[in-house]
Amino acid sequence: MNLREFNRIVRQTLFLPVLLLLVLAGFIIWQISRSSAELRWIDHSDDVMEQTIRLEKLVLDQETGLRGYQLTGDNSMLAPYKAATAPIGKQFTTLRDLVADNPTQMSHLANVRDRYQIWLGFAQGVLNKDPTVVNDPRLNQHGKELMDSLRDAVNAMLQTEGHIRRERANAALSIERRELAAVLVSSLLVGLLLAIFTRSRLRRVSTTYDAALEELTNKAQEIYERRQWFQTTLESIGDAVIACDKDGNIEFVNAIAQELTGWTASEALGRPLNEVFHIINEETRQVAENPVDKVRRLQMVVGLANHTALISRQGKEYIIDDSAAPIRAEDGEMRGIVLVFRDVTEARRSEAALIAAEKLAVAGRLAASIAHEIHNPLDSVANLHFLLENETDPMKRKEYLRMAQQELSRTMQISRTLLSLYREPKAPIPVDLKDLAEGVLLLLERSVAQQGITIERQFKEPCIVEGFPAELRQVFTNVFLNALDAAGKGGRIRIRIEPVAAAELRSAGGLVEVADSGPGISEQVTGNLFQPFFTTKGENGTGLGLWVSNGIVLKHGGSIRIANNDDGDLRGACVRVYLPTRTMANSSTRTTAHVDQGTGIRN
Amino acid sequence: MEAVTGPLILCIDDEALGLQIRKAVLEREGYRVLTALDGSSGLNLFAGEPVEGVILDYFMPGMDGGQVAVAMRRQRPEVPILLLSAYVNLPQDVVTMVDFTVLKGEGPTELLSKVRSMLQPRQGPGAAP
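From first to last, the protein sequence lines are chains A and B.
Going by the numbering used here, the first residue of the first sequence is number 1, and it counts up by one from there.
Going by the numbering used here, the first residue of the second sequence is number 1, and it counts up by one from there.
No lab work stands behind these hints: they were computed from the structure.
What you are looking at is a predicted structure, and each value in this text was computed from that prediction instead of being measured.
Incorrect hints may appear among the rest.
Straight-line C-alpha distance at most 20 Å; calculated PhoX-like pairs for lysine-lysine [what the hints assert, rightly or not]: (1) A:398 x B:23; (2) A:460 x A:489; (3) A:396 x B:23; (4) A:426 x A:359; (5) A:316 x A:246; (6) A:129 x A:57.
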């Protein structure tokens, strides 16, 4: 049952009884008016009888006056006779008006009037006679007979009216009885009807109400259970979760969030987020932007800036990784903000250690080369020194010194290149990828030569991008070493470096492509190439090279793609490193290797 | 030069300048020196010339010192070989196979003393071919 139906029923239950009672009232009023009409007719009969009796009394007054006059001959005795004359006329008119509706009574009245006229004619005759002779027994007898006849007529009229009255009284009585019965029956009927109707309506409403109540109870239970479920799920999540309303006041804090912020749920609830979630930039120690403000401003999911540290209530500092997202209602309106973060202090430390380890591993791999590169010229210089000691020919001495100079400058160059692997400027600087590649190749020259690998250089023009040279050198060393390992003895490597124009999804930059003649990469391997500790080199690899390289390149806003080369004569793996001309890296961005499958390999 | 009659040493190294300087040092000590810039040309010389000792670089493109030493041992196992290397950690089997090893950078005195020791038995009476 919906609300409209419910309202309809309520209206029915209210208005129908009122309507029925109104009808009943109307019916009773009609019955009463009918019965009062009957009663009026009884009153009418009473009126007729009363007026008739008054007429008779007036006529008797006249007769009494006439009789007095007849006995005494005294004119004064005629006073009642005369006084009644005028009222008698009026009384006749009144009576005629009263019985005009009844022909029987009209004829009775006419009869009375006729007899009265006759008696009046007799009375007139008496009055016209000599007063001394009026007291005559015969005359008296005649007068008496006339009066008796008049009385009979009056009585007949009275009797008729009495009869009518009785009939009317009987009719009124029976009508009253009928009315009473009708009122009783109709009242009972209406009452019964109302009872049945109201009962059915109420039952309907009550059933619906019960059903609605049950439904509501079920729904409430369901909502409660779902709420509990969500609550438990959020509580159990391994990451810290804080939810705020749209004004940034905390509505929910899970266990991990309580642990990290140092605020218990009961203390934190209702408080503004930045009071509980106190974040700073780890390096500058400046207060970081409140994620709620950021989400409200950008109306989208945001991640925290790098180097964000959370200061707990107790002053403990955690490096955190987090994201904040708007909570939207069905209409798209922002209702709140949910913040998810985790303590990455340990992870960051491990990552930093791994990155350092990989740097050392690269150095280790280069050690043989470097030892060779440095010891060779050193050996030559030592030999030259020996020769110089024992040489007196100035021409030869000069020649030896020149050679020594040559070997020393080579040592210097190698040492510089080696150092540049580790020395880093504070801010990104323009780097010529060609020079960078040459520097790395110089360090690898020995390995290349020893394994008899041919390197084809397809780069002439400088290709300048912004970046951190030491980090990029590490990337190139890694990529080149991988290519050397893959190519193997007598293999070939082609290195191509060229500027690339801006395309749909990337800005202008430089592309370094390294293709080798090795066996290529298998499909099983492709998904894992950028994972830490993944290596195909067994004991000889740390499994960190591409992971770190990928991190460095991503930091610079570039990408690394590895695929099998499908063109040309080099059928091995082909690594393409793209670096944008304007780097996104800055001195505060950490070289963190994000492992993101999306930037992995397309094969 | 007065050294034209000294023992004939074959010197193999891919470092041209270093090789040239080493040759000058050895010649100064009275040795006759043949040079080769890689393993295979060195082996050719070794096969064709009455070489009395070999100074062999280990780390070379193409054949490395170890491979060259194996080939030489197969041909004339009596010829002493001195393995020269910038490598600190030479493979153990290679070290045991050759007569002497000298680390590059140890200096000419060390090299010359090892060369002398290497050639000593050959200079003894009855040992010369």
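Hints the structure fails to honour: Hints 2, 5, 6 contradicted; others consistent.
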